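Chemist: The listed protein sequences correspond, in order, to chains A and B.
So in our numbering the end of the first sequence lands on 314, straight run, no missing numbers.
So in our numbering the end of the second sequence lands on 593, straight run, no missing numbers.
Quick caveat, the hints were computed from the structure, so don't treat them as lab data.
From a predicted model like this one, the values you see are computed outputs, not experimental measurements.
Errors might be hidden in some of the hints.
[To be verified] Calculated cross-link-like contacts (lysine-lysine; reagent style DSSO-like; alpha-carbon spacing at most 27 Å):
1. K196/A with K246/A
2. K246/A with K47/A
3. K392/B with K131/A
4. K225/A with K100/A
5. K158/A with K392/B
6. K240/A with K47/A
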Amino acid sequence: MIARRTLLAAALAAPFVVPERLRAQAGERLTIAVLPGLGYAPLTLAKHAGWIEDAIPGLKINWLEIASSAAIREGMLSGDIDAGAGSMAPFLIGRDRGFKVGLISSLTIMDLLLLTNDPTVKALRDFDNGKKIAVTAPDTNQAFVLRLAAQQTLGDAKALDGSFLAMPHPDALQALVTNQIAGYMGSPPFQNEAIKRGCRMLLNSRDIVGPLTFSVCFALDTYGKKRPANVRAIREAIGKGIALLKSQPEEAAKMLAAESGGRQTSEDFTRLLADPNTTFTDELVGVPKLAEFMMSSGFLRGDAGPPAGMMLKG
Amino acid sequence: MSLVIETDAVPRRRGWRSLPVLLRRAIQLGLVLGGWQFYIQRSDVSPLIFPPPGEVFSALWRGWSSGALAGATWTTLKLLGISLLIGVVLAFVFTVLARVNSFVDDAVELATSMLNPLPSVAMLPIAIIWFGLNVNSLIFVVVNAVVWPVTLNISTGFRTANQTLVNVGRVLGLSWWRMVTDVLFPAALPYTMTGLKTGLGYGWRTIIAAELVFGISGSKSGLGNYLNDARYFLRTDEVFAGIISVAVIGIVLEAGFNWIEHRTIVRWGMKQATSTIDD
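For reference, chain A alone in the conformation it holds in the complex (with noise of 0.2 Å):
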């Protein structure tokens, strides 16, 4: 009997516990995560120089790579994660669903290819329930541009869904190039490769949002309000890496190729940044229109607001 009791009450006290911890503050350590992919290089570049240790003395900086955007969410629900760096449709899912975070700012604008390597698929209406689509998940900015297609097209935003197959990046490319699936959605540098690797493009995601933000840099308000210095200062360096991204790419690409542990060289990183379909930038371009087509289709419940009280106070 003591046992039960003793084992209700512990069950009864596990969450009033369990949460508590999860929440605690790091204190004066800094924990920034990404996604893998090009979209990210200027907070690799800031990474790789130390311009937000260089900006805020003392400051112990952790830098992750993750390969979902959920689990970022999640670790700074959790309060592992300070700042995250992801795509910009989970970003305003996360903020519809109550997640209060604000931006630090935008990274990139990309053009985002849809690739085969299947010779029956010509459009769009080829793919079903037995030829999948790749996605890194079904909230990403690759998803919802698919879905502004297929309602384009097909006339349906959620045509596609049932052929989604989530899977990073590296693991869709070889997936693709191997024939497992007839379709992949990507970014850089993952979708230059399959084409290098003879992949054939059905559409680009310019001809069908036009310019569009893809990777952003966000942080939850609370920590805006609690150090408004260090989300400066992650700010400032995002700026700095956007101006050396343009200015000087070649030494750009340098610090990447440093950063990537060997596995892409400068001339790998040079010829990327001289991709047209990759614009670093800290403007924030095509938000609205996708924020109005996530909620016409059922994926935001309420308006996103206009871009500007998206920002991070700080």
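Let chain A serve as the given structure and place chain B on it in line with the hints.
Modeler: Leaving out everything else, chain B in the frame of chain A:
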């Protein structure tokens, strides 16, 4: 279930155990829900981390009435049913062959002892390489989860069949096939039921785990995908609703099996009704 002998010779005990079962369950469930609600109100925890019970129940209601959860459940159960069928047929074939040929017997024993302890989801990467990114991979993994415990149990049933009955069969000159169908299978029925129940339990866990890892999104997908989608779109109430649904369906499947067991082998006296010694 507890072994409480309700006769007048034993004085009725006061306290918790003297309450009717239904009331005890209701009080415990009420305590959990009350504690949950109390915690939500006292701490200003974000509903994105820990949604209040009301929100979870409305998500459950929405999910089941809109057909989203029902559809996902149907997809998952259909896959589970197909895999169970294939798994059980394979298990029967393996056991019968093992009975007929001692080489096969050894091979099946080796395979069972190697593959039964392996968590079947661990086979998912190889299944994807062999079968591609489609439901066949899921079926393969679930069949693998089902076939070994069922095989193990049926073959134990065969081995422990009453030797006298087997000898009678021999004396009567039964063919190996009639020996299997008329003597061994009936004798192994209680073990077969246990095997099926274990297989079903393993299969259910495996299919949910595999769907969670597999990550197909979209309309024609199962419960694991429902959970994944709810997570991607930050619908924590739906994540809770999905988990509750998975748990309840697991309980219903198990209860259904117990019912069949009571109707068959317990009624036929092949297995005693279970009772635990408690308190």
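Chemist: Are there hints from earlier that the structure breaks, and if so, what are their numbers?
Modeler: none
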